[in-house]
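Q: Which chain is which? The protein sequence lines are Y and A, in order.
For the first sequence, our numbering assigns the number 411 to the last residue and increments by one with no breaks.
For the second sequence, our numbering assigns the number 265 to the last residue and increments by one with no breaks.
The hints are simulated quantities; they were obtained by calculation from the structure and are not laboratory data.
Fair warning: there could be bad hints in the mix.
Said to hold, decoys possible - Here are the computed lysine-lysine pairs in the BS3-like style, where the Cα-Cα straight-line distance is at most 30 Å: (1) Y:Lys407 with Y:Lys231; (2) A:Lys264 with Y:Lys360; (3) Y:Lys407 with A:Lys119; (4) A:Lys135 with Y:Lys231; (5) Y:Lys360 with A:Lys191; (6) A:Lys185 with A:Lys210; (7) A:Lys135 with Y:Lys360.
The primary structure of each chain is shown beneath.
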Amino acid sequence: MASSHGTPPVFNNKVISWIDHRLPIFSYIEKEYHTFPTPRNFNYFWNFGAIATVMLVLMIATGIVLATNYTPHVLMAFDAVERIDRDVPQGWLIRDLHMNGASFFFIAVYIHIFRGMYYGSYKAPRELLWILGVVIFLLMMATAFMGYVLPWGQMSFWGATVITNLFSAIPVVGESIVIWLWGGFAVDNPTLNRFFALHYLLPFIIVAVVALHVVALHVHGSNNPTGIDPKGPQDTVPFHPYYTMKDGFGVMVFLIVFAAFVFFAPDYLGHPDNYIPADPLVTPAHIVPEWYFLPFYAILRAIPDKLGGVLAMFGAIAVLFILPWLDTSRVRSCTFRPIYKWFMMFLVVDVIVLGICGSKPAEGFWVPLSQLATLYYFAHFLVLLPILGKIERPLPLPPSIADAVLKKKAV
Amino acid sequence: MRKPFARNLLVSGAIALAAFATGTVAIAAGGTEPPPARKWHFQGPFGTYDRASAQRGFQVYQEVCAACHSLSLVAYRNLTDLGLTENQVKGLIKDITVSDLNDDGAPVDRPARPADRFKKPFPNLAAAAAANNGKAPPDLSVIVKARQYGPDFIYGILTGYVPYDKLTPEQIKEFDVKKDDNFNKYFPGHKIAMAPPLSDDKVTYADGTKATLDQQAADVTEFLAWASEPHMEDRKRTGVRVILFLLALAGLMYAVKRTVWADKH
């Protein structure tokens, strides 16, 4: 429906009109961000796409400034970051924004993913939209991992050692791949250099995939909390000003929480060991990744076999790619799925449990707990989802979005 | 030729991986009690550094810690942040000489300038390690940020020594403490290479404050907290303004959103 709405807009400004006749960027903005018909019943979960976009722009802007002041050399990187903190005017602000921005980008994206799963936004005809989203998530993980290596603290170095070593689990060629990744026989200067280059490159690839994500979104328009398609103009509002203003409000609220961390607890989400310069001869007592990787880290460690652990960790993300085909229910929104709704909530609990397991040393009862949580994670996608769609009896769907909105209002 | 070397590294990496996967390198694990939480002047959203305390702490660093620990990221000029005047800083460093090259490229010793970073006690890490039983004392520039419990840990270490004759037989047995070992309540594993650095009246404070062990430990921790994050006050001040601005803007956006949506709900 996005492709069929409205007639080409008329611009009063001659310059805009002249440009638009040759390069229709203004028509595009008008069509896709102004008159674009959007379901009228979004809740605040629908803010997080816009919030994630704001965070991506913030990360690139602060990242470029940081890169102009950083030195990717094993002997200088740690001090370079500290000099940004101490000697570059407002350098501390740029660095605190960037370092906490990564965490808050992940917070926004995790909520965005949850929203997509809870309201069935991945189902036909939005499978590719969802898959592009998972690609963005993967690229973000790679970017964040390489970014964490750049300050060249103890966790940077040992995190890089552990994660690159995962590839040595690949049979036959694994060891060669690891040496190729390192650019030498250990995590060293060539590794830091290439991580810096890739950390600078990947965000722009993320921007490109985000563009595809938005293009795919605008083909069939957004899903909505009822999961039913808009049936006419009474079900939608123009994107601007309705959602530009609502997103603007949501972004502000999110930024307040973000600012609270940046200005009053900038190191809260980090690990103190990363303020110790990298030392290849001293292994930290516990090597832990950044908090946003902890659930996947727990899955990696839950499997007692190295290759098995690596496969399970990547499998935990791979399973998201096929999510649209694992879910056999024809109802999108969890609002109308009385059983699945609770399993979806329980999956959130399960991922949080995995995150806690990932932050603890792999000993004692954390080991069986993370194994149980890993088992449940995969069972959710591979067993529960396909079966529930067949046996669950969904609640009756409202006849239209407008109907659902007005009825809610009447209650 | 290089293959065995590469293999060794891969194997050690794999061992590291397996080790953390099973938690067997949990050196610091076990029952070291956390240091008691103290009240610091720089805590909280409006906390600032206690200038007088930090200045005394600088004296403790300079007269005691600096014998072994470098503070390589801090420059003498930074001391003006603690309330010293430029002339006072110049006075403080007038007896310090640093190595440099002259215009002919020959190594010379010259008087320290305010722009110089704190002089290191040892010319390099190897020399520092050689003079300290094989392990270089850590640089203190970001030490408060680099330890769990931050300032409480630093204060805890400085005040947490227990003499050998005060240890219980169980402690001696459990941690294998020898007569010459330094036992510290708050150090992971308890046995610490550093001998107790502070004791009552180790320094004589210029401002007349009584130099008890606790006082010196608290002062030097205040100083090191500042050294770890000299811009902290600026950060908090900026934060208050940013959050007030965002709150106002969020309120405004909410009003706009309500107005825009008035006819739709």
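Q: Just pull the numbers of the violated hints for me, sorted ascending.
A: Hints 2, 3 and 4 are the ones this structure does not satisfy, whereas the remaining hints hold.
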